[in-house]
Amino acid sequence: MCRAPKRRGAASSASLPLTGLSMLRSRRLTIEVRQRVPTWLRALIVLGALIVGLAICVGLLLGRGVELGSIYDEFVVFTFFQAAGISTVIVQSTPLVLVGLSAALAFRVNYWNIGIEGQFFMGVVGATLISIFDVGPESIRLVLMLAMALLFGGAWALPSAVLKIRLNVSEVITTLLFSYIAYYFVLNQVYGPWKDPKDKFPHSPQFDASEQLPLIGWQQVHYGIVVAGAAVVFVWWLVERSRFGIQSRFVGSSPRMALPIGLPVALITAASAVLSGSMAGAAGFVMATATEFRLTPAMAAGYGFSGIVIAFLAGNRPVATLIVAFLMGGLYVAGESMKVFYNLPDALVGLIQAIIVLSVTASEFFVRYRLRMAHYRGA
Amino acid sequence: MDFITFWLASMPLFSVPLVVAALGLILNERAGVLNLGCEGIMLCSALAAAAAYIEFGNSTALGLIIAIIAGAVVGFGFGFFVVVLRTNQVVTGITVVFLGSGLTGLIGVPWTNVALGGLQPIRIPGLTDVPIIGRFLFGQDPVVYITILLVAAVWYFLYRTRRGLELRAVGENPQAADADGVNVEGYRLLSATVGGAFIGLAGGYLALGSAKIFVFDMTQGRGWIAVALVIFARWMPWRALAGGLLFGGIEAIIPRIKALGLPIPQYFLEMAPYAVTLFVLIYAALRLRAGQDAPKALGMPYVRQDRR
Amino acid sequence: MTAALELEGVHKSFDGNPALVDAHFAASWGEVHALLGENGAGKSTLMNVACGLYAPDNGSLKVDGKAVAVEGPLAARALGIGMVHQHFKLVAGMTVAENIVLGHGRGTYRQSLKHVREEIAEIGGRIGFTIDPDARIDELSVSEQQRVEIVKAMVGGAKILILDEPTAVLTDEESASLLGQLRRLAAEGACIVVITHKLREVFAFADRVTVMRGGRTVEAGRPPSAYTPEQLSAIMVGEAREYEAIERVTSGTMTLELTGLMTRRDSGAVALDGLSLGLRAGEVYGLAGVGGNGQAELAEVLMGIRVPEEGALLLDGARIAYAQPRTLRRSRIAYIPAERYLYGLAGDLSVMENFVISHLEGGDYGLWGWVDRRAIARKTTEAIETYNILGARVATNARLLSGGNAQKLVLARELSGEPRVLLAHSPTRGLDVRACAAVHRALREAGRRGAAVLLISEDLDEVLSVSDRIGVINRGRIVGEFSAPGDRQEIGRLMVGHA
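Protein chains in written order, with my numbering: chain A, 2 to 380; chain B, 10 to 317; chain C, 25 to 523.
In isolation and in its complexed conformation, chain A is listed as follows (with noise of 0.2 angstroms):
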């Protein structure tokens, strides 16, 4: 060890230069994380970062040739100040609300459910069999629909929980899988056993007026918000009354910490993800009884990632849920005019969500750490 001091340092170009942070001689620039986070802090980053995420996607659309008047006048006026306006926003979210809970009572616990559109799928198909097969009296059909979406989406779900429980196999990929064969089984009943006989379209026939979701008589709104309302408050009541709300808390955010201070663990991640499907399923339901009339293999597109993005902006709690897949739901709206009007793609509003997603995902990293200059004297 003391033989002639090499300087070997220098020789041993083990590392990249390409971090940015180490490049200031006697000072550097480092990251450490934040112990405390204040509230307001929080609440300044995120709005920060909505501001900016918006502020991007009209840029896109003012370089698509959007006039910014239009955007005002679509986005804001005709969505939240007409009442034909409201009522669609309103209709709109009824299926984003119970999406946006399926997510979160999956990621809440770290349940990564990706497979949300396949439940969606399973949900519909399970409503479609009591209507195909007319099973039960006609007054509570849409009851027994209903039924049937919340358990064909929860079933759904189990497999994959399953698996993850029992041999630790990823739930990203496997809930993703069964949404492709979920997909492509309905793609094999509408192409087949379940075609409509009338226009031999691939889609299954339509339902009769007892199973359709009746109008409340004002504007278009439907009894589908009963079920979103419901739901809300359901998953309310569970998340913040309910022993299994706070087990699953714990569950979510220290679950090193779950099993040994003798929390069923295995339990409350299956539950949460069978409950997730069934929201799905349910969100199925009201797509389905509402406003398509039938199973048809377009009907879930883009609800899956919309999901997401609802619990994720919403943190996973069950009244912003609410609020934010409102808001998601005149950006629908709004995107749909727009769409039409300007001959714009129908992948805009995912754009425009995944946009929105980035942005507040990036600037937790302002929540979580601080940037410090470490500096030494007489360098």
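Derived by calculation from the structure, the hints in this document are not laboratory data.
Careful: at least some of the hints might be erroneous.
[Claimed, not checked] Here are the simulated DSBU-like pairs of lysine-lysine, each with C-alpha atoms no more than 35 angstroms apart in a straight line:
no., chain 1, residue 1, chain 2, residue 2
1, B, Lys221, A, Lys340
2, A, Lys201, B, Lys267
3, B, Lys267, B, Lys221
[Stated by the list, open to error] Simulated DEER-style distance windows between Cβ atoms:
no., chain 1, residue 1, chain 2, residue 2, range
4, A, Tyr192, C, Arg134, 58 to 66 angstroms
5, A, Gly64, B, Gly135, 50 to 58 angstroms
6, B, Leu158, C, Arg134, 18 to 26 angstroms
7, B, Leu158, C, Gly298, 51 to 59 angstroms
8, C, Ala228, B, Ile291, 57 to 65 angstroms
9, C, Arg512, B, Phe89, 55 to 63 angstroms
10, B, Ile291, A, Asp347, 30 to 38 angstroms
11, A, Lys201, B, Val139, 41 to 49 angstroms
12, B, Pro264, A, Lys199, 26 to 34 angstroms
Note that the coordinates shown come from a computational prediction; the quantities given were computed from them, not determined experimentally.
A virtual CB, placed ideally from N, CA and C, is assigned to each residue, including glycine.
Based on these hints, arrange chains B and C on the given structure of chain A.
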């Protein structure tokens, strides 16, 4: 026999995107970066390849190069988010997937649904005509052979070079690597970029080699299958090749079976790759105790002064 | 002798919490310099600054009299500073040679391996180590891994070698051997800094000693002969430790019996080697031992997160299936874990939720899944008062509580279930004197209420002052048992001897 010949001959078309994407993911994950945005990167680079091919004189080479660059750029962007800003890798990855879908839908219209000439298979007189395996072994387009070289190159890099050693250390124990002066952030960012480039090549090949067209959302879950493939391959390049052949074989057999006219419902056939992926994942978990072989720091952001 | 390593005026805080306040340190060439202090005194933090892992907020560093800036580990290495950390920074899945190539390769991969092999052989020969370059790290014993760390530092050309608590995981023989080797290196001219909290080592091996306390340097660089052990101990601790006289309990019914427990670490090495002990109701059983002899694994078995390969747990004579922590918790086996924020508290959740989490099942707070929040808030407030948990209201985030108060919260929760068995694993780690006393009082009280208490601690004074019975763990077995107060010399001998 014709059935087998055609099946084998078409297999690499389906295997190459999976294998190349898996190589990119192996580079990512060996450094500890979980790249769930693979699907999105593949889609963006598929469009880039198609666009370059159409706009710049039908050149497949240029198309592939542009695809690689596109993949590297998106990979770098993803890497910036998860490595420098330390965002949640799952959320960011999934967002990249939908970002890819949205972006390609938004700007890709002029190049969508346009038939492309694409890559052509080679012919070696004598060898290519060998029965059954002739076209499989000697009648493929150049990228297929390059893929084999890439597998060997990645293996060599990981296990026979110092940089590869450092990369692996970053994924296994970033604290140890950091204490040795290895630039953890740098390696992760670089691996996200280079991995993205590989995935870009996979996407480009998808457009110019396999399908010879760009269609909206054309990746159809192949990115996710590549992610599963890496787990099945236990993060080792040669196993990824084997797994890619398996999945490619299944994908390749679907049109063959359809052509035979057997009474198998079409959509159940389409389901097959996904169902097989599921079984493969279960198998890997049961027999090989996956997770034991995973790079230990996979998916976890690294901060030097982590306290508590 | 010129100063080899000099640190002056170093300040460092982590997000507002000061860890080093105007700390200074100077060590010379050719000496073994002990850096002494209790857990949390700042010794490791200061040395981490020296080797480039932490950037100080302020301060200067000189090597061999010249001021330098250490921007990172590579820069430190270039200056000849090498550190062997307490938690080894080795990549488990790679071989010894690969690990050393990682930091110190030259040329290509193949060339580097060859070069490293030669260096290992040469250095090993000089100091008396033998290491197999192709062994995988996770197949080596702890002391072998430590040797790898030392060789690694030396291959890197370290002339200033800093070791952080090197003997914490070694047996007495291995410790003496190591310290002897370090003396030889110092004799060759190197500067050796040994971070330790063991007085015995300071007096036996150090040329000079620096004491740190609370982030400050309180004694700098005098030879150990300038102090008596009592003086040095007092300087280290700051306040004389006084333990209340306690009533000793002698016997009670056997509540929990552990028989023949055998379990392995992930590396395959045996952690518990046929360990048997019995915990009696109303008695505090203190388990003394040097860290790393199986205490952590024993705690994990009692928490239910590690299943022993052999052996049994008998509660009231009947065997429990220990696969599920739920079974253990339902049998009212409570624990105060060593790692407070890993197993003890959920930092992001409120005081209330942390307090009540173990008691929701029994219908204590509501039936049918409904939870009576008012009752919980009330009980939590009572607990806060009873245990004098400062800085806590029912809705405060657990992470915001200071160490002592966080521990009191854990105590409050665990004791509120009237446990039959209570495991306390290093319960006073990082706590100040007053919080320590409170914890000890609570443990004795638990015993008085009929629990069988198992105290696992590396602090012999703590064990001796709180326990009714004392056991010594060494290499995964109980090697001796004593009734309090016990023969301190004998206990010490059993702790460091070979089992």
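Verification of the supplied hints:
Distance restraint check for B/Lys221 and A/Lys340: the Cα-Cα separation of roughly 29 angstroms lies within the 35 angstroms cut-off, and the hinted pair is therefore satisfied. Pair hint A/Lys201 plus B/Lys267 holds up; C-alpha atoms about 23 angstroms apart against a cutoff of 35 angstroms. Restraint check: the Cα-Cα separation between B/Lys267 and B/Lys221 comes to about 20 angstroms, which is no more than 35 angstroms; the hinted pair holds. In this structure, A/Tyr192 and C/Arg134 meet the distance hint of 58 to 66 angstroms, their C-beta atoms being roughly 60 angstroms apart.
A hinted range of 50 to 58 angstroms for the beta carbons of A/Gly64 and B/Gly135 is consistent with their spacing of about 56 angstroms. B/Leu158 and C/Arg134 have their C-beta atoms about 21 angstroms apart, which keeps the hinted 18 to 26 angstroms range intact. Checking the proposed 51 to 59 angstroms range against B/Leu158 and C/Gly298 shows it holds: the Cβ atoms sit about 56 angstroms from each other. A C-beta distance of roughly 58 angstroms is found between C/Ala228 and B/Ile291, which places it inside the suggested range of 57 to 65 angstroms.
Under the hint 55 to 63 angstroms, the C-beta atoms of C/Arg512 and B/Phe89, about 59 angstroms apart, fit the expected range. Under the hint 30 to 38 angstroms, the C-beta atoms of B/Ile291 and A/Asp347, about 35 angstroms apart, fit the expected range. Between A/Lys201 and B/Val139 the CB atoms are about 48 angstroms apart, so this pair conforms to the stated range of 41 to 49 angstroms. Under the hint 26 to 34 angstroms, the C-beta atoms of B/Pro264 and A/Lys199, about 32 angstroms apart, fit the expected range.
In the structure shown, no violation is registered for any of the earlier numbered hints.
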